[in-house]
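Chemist: Single-letter residue listing:
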Amino acid sequence: MKIPYVLAAGLVYATQCQGAVTLYGIVDNGYRYDKTEGSRPVHGLESSNQYASRWGMRGTESLGGGLEAFFVLESAISTDTGTEGGNRLFNRASYLGLSGPMGTVRAGRTTHLAFEWAPGIANPFGLGYGRAQLGTTFAYNDNEFGSGRVSNAIYYYSPSLHGFQGGIGYSFQVNGSELPGSSANNRMIDLALRFTGGPLGMVAAYEAVRGAAGAARPKVLTLGASYRLGRLTVNAGYGHLRQSSGTAFGVGADRSYSVGGSFDVGSRGRLLAAYQTASASKLDNWAIGYSHALSKRTSLYTFVNWGKTSPGPVPARLRQSQFAVGMSHRF
Amino acid sequence: MKIPYVLAAGLVYATQCQGAVTLYGIVDNGYRYDKTEGSRPVHGLESSNQYASRWGMRGTESLGGGLEAFFVLESAISTDTGTEGGNRLFNRASYLGLSGPMGTVRAGRTTHLAFEWAPGIANPFGLGYGRAQLGTTFAYNDNEFGSGRVSNAIYYYSPSLHGFQGGIGYSFQVNGSELPGSSANNRMIDLALRFTGGPLGMVAAYEAVRGAAGAARPKVLTLGASYRLGRLTVNAGYGHLRQSSGTAFGVGADRSYSVGGSFDVGSRGRLLAAYQTASASKLDNWAIGYSHALSKRTSLYTFVNWGKTSPGPVPARLRQSQFAVGMSHRF
Amino acid sequence: MKIPYVLAAGLVYATQCQGAVTLYGIVDNGYRYDKTEGSRPVHGLESSNQYASRWGMRGTESLGGGLEAFFVLESAISTDTGTEGGNRLFNRASYLGLSGPMGTVRAGRTTHLAFEWAPGIANPFGLGYGRAQLGTTFAYNDNEFGSGRVSNAIYYYSPSLHGFQGGIGYSFQVNGSELPGSSANNRMIDLALRFTGGPLGMVAAYEAVRGAAGAARPKVLTLGASYRLGRLTVNAGYGHLRQSSGTAFGVGADRSYSVGGSFDVGSRGRLLAAYQTASASKLDNWAIGYSHALSKRTSLYTFVNWGKTSPGPVPARLRQSQFAVGMSHRF
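Protein chains in written order, with this note's numbering: chain A, 1 to 331; chain E, 1 to 331; chain U, 1 to 331.
Hints listed in this document are in silico derivations from the structure and should not be mistaken for laboratory results. Nothing here was measured: the structure is a model prediction, and the numbers come from that model. There may be inaccurate statements among the hints.
Mimicking EDC-like on lysine to aspartate or glutamate, the simulated pairs with C-alpha atoms at most 20 Å apart in a straight line are [said to hold, decoys possible]:
1) Lys296(U) x Glu61(A)
2) Lys308(E) x Glu61(E)
3) Lys282(U) x Glu61(U)
4) Lys282(E) x Glu61(E)
5) Lys296(U) x Glu68(A)
6) Lys296(A) x Asp284(E)
7) Lys35(A) x Asp284(A)
8) Lys296(A) x Glu68(E)
9) Lys296(E) x Asp284(U)
10) Lys35(U) x Asp264(U)
11) Lys308(A) x Glu61(A)
12) Lys296(E) x Glu61(U)
13) Lys296(E) x Asp264(E)
14) Lys296(A) x Asp264(A)
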């Protein structure tokens, strides 16, 4: 429950429903058309086009002295079919933590730092708009890095100082439960720094995973910058994958690049465009999108994506195109 | 969250918890005895006897100009064992939409029109009371028609005009995700019209499914009418299944009939009785039920069903009887 | 939603959000180290150390005349990985019932009486603190007894009379759905009595399961007592398992003993220590724990457990040790 306000006789009284549980989410469904070279097109009603559909609970509790306890339980859902995502109830987040003047500590399953900080800065489309999302050619969200979310993790976020914030995290086992013997687990170290001040945004994130002896030890660096000039925001990004097992697109090392921008059309519209490419795996994507806010919580959107994709670990430059039109609603 | 009321100093102030999320549901558990000819009886604690047990979230947002955005996420549960229904989190509903003076558009997983409108008119027991539910001999809820719920669907509901309301819907794939090539999917077209005015209710619904080349193309028509005479309401229904694959009861075409009524006993009680039958699959059911409202949200119920059933695609007139007593609670 | 309070102009007004749904839960994550003789250690971030992580919905409705309807839907979750527990949505509870001056009736999936009443009296650690929980050497929570939770059950709880309360329950099938023929199901009868008055607590619970002909008919008796002397509370327990199938630790009969105590350190701390052992299966555990309340809802904890365990149905006295430090948060 969010804090509601009672307006009575000219006075405002804050009333709190329950300790502090907020039930929240996003439902996003739309028509989408997907065509990959060599296959028949897939079209129909799809979810999670502009934003990933989800529901969750979150809450905070003041402990005094500026200290706060908090938790998040967040579930991924496919709202076209009603199914849950990732074969687990709370695939998106399940953590608790403490927050205070010295920073924030988080423990549980959570987004890693590149996934959390980089897409919104390196790409106008962030994590949404189908293949326009940054992870289409960037590697930070490959399965090796928990697809962007890691279990069994402890994270520390520094306070923001002159616009700078740092983060450091460790996962004892990226996916699944811990196995006997530390070295049997896919352990991940995560480091990131970001700057947000005035019109400028910058981010650098680094994740490294170490598994069983002899297994690949993938590492990924993600850089991003954005600059706002009135109604226009420009974005650019760079990613560097090394020592990958190559299971995603058949390459052990890769470099990704993104450039794009967004433009506010009136008070409710936003036009977005971007290009991204990965050099070794030979993926790329051109994207144009438009979002129209019906309210703060509800938007209509449309987008077109086209470029080259690869159907798996064997690199193959197949043409792919995508079109969607739909609606997203937050609660 | 529903709107709570603050009573202070003789004044009533409405306060709203959060944007507009309502957490709601029904829990229904009771003792049930089921006997089918040739098998030993099954008895014990069963859920979803009078109403299907469920929990869900729903909300609306006013967009101005009479336009409203809305969403529903609704989960089926077996409250005797704690399990979720349909092997998916939100089996009952997961959709969003817009509603306004020109009608309502809904997109996602939802009930189809026969399932939504016909049972409450064609049958005093509607969708509940065990084998007394309309779908026992009617075919609109066969697996071919998504068991009454379709994924990947877009629906339009007209406004109500002089008591008449129309609906039209299309599902790109009734169950599961869309496959490459339109014709590989089980697509459904759905049309319905209903009238509700004074004591009279009428409904006509038609669903047609088209799958892969060579596959069956099942079609089902469902008609219903009800009339209220003081404390008594009488109901009648007719269903016509054609071109079915016959996987439900071994017949490609079938006609179903229902007749029954309900009688209000005092201000809290309701007595219900009905008969339904399907001619080709040779199913039938006699039903008597009673519901006693402890409050607006809580009821005690009991019912008896007896008739002929078929254990699957091979038609066989096996005697079946069913008895239940239990309690349902809405929240 | 719990009942919130509006404090305005020196007056307290109670306002109620929604009929009466409370969304609640516990998130508990911490670092844990587990070492069993002959295996490599397992360590990392684990959930449910002090309390089992969960989320749920519950509500009550007054029916007048002192009668109340209620329901609980409660989900077990592993908050280190985001997964649900027990392969079902509401593994912990899904029931409804009526409560009044003559007692309480509950129907659905619920904890059995030994699981609900005994651990908090027989053991300072109750159901938490890793291997310090009473069920480590006691058998009431063996798989034969539904691991402490039974489906398809009806329970009656008497009112409390001079500190005494009795309970009786029956499950038609401990786990899963009922099968044809009563005798094909694992039926459980459950009886318990407890006393709570002043400093003294006492409990006796008895569960007996009867399955298919020829199958084992396990029975378990659990006794417990606690006494509070100022800041100190002492606890003792006794368990007697008979006619077990021996699938848990290879023994058909066993006796368990527990002794321990807890000591309030200041207004926020609690120190706990206990020993428990099972004679035939040759399990035991020594436990020391400490909990520090940051608030009514949030605690930091640490504990150490060491003793003998058995990896399954073949008895083997393997040394096991466990250490944890973490945080739990209620909402």
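Chemist: All hints are to be evaluated individually against the structure, with a verdict given for each.
Modeler: Structure-based check of each hint:
no., hint, in the structure
1, Lys296(U) x Glu61(A), "10 Å, holds"
2, Lys308(E) x Glu61(E), "48 Å, violated"
3, Lys282(U) x Glu61(U), "48 Å, violated"
4, Lys282(E) x Glu61(E), "48 Å, violated"
5, Lys296(U) x Glu68(A), "13 Å, holds"
6, Lys296(A) x Asp284(E), "53 Å, violated"
7, Lys35(A) x Asp284(A), "15 Å, holds"
8, Lys296(A) x Glu68(E), "13 Å, holds"
9, Lys296(E) x Asp284(U), "53 Å, violated"
10, Lys35(U) x Asp264(U), "30 Å, violated"
11, Lys308(A) x Glu61(A), "48 Å, violated"
12, Lys296(E) x Glu61(U), "10 Å, holds"
13, Lys296(E) x Asp264(E), "15 Å, holds"
14, Lys296(A) x Asp264(A), "15 Å, holds"
In the structure shown, a violation is registered for the earlier hints numbered 2, 3, 4, 6, 9, 10 and 11, in ascending order.
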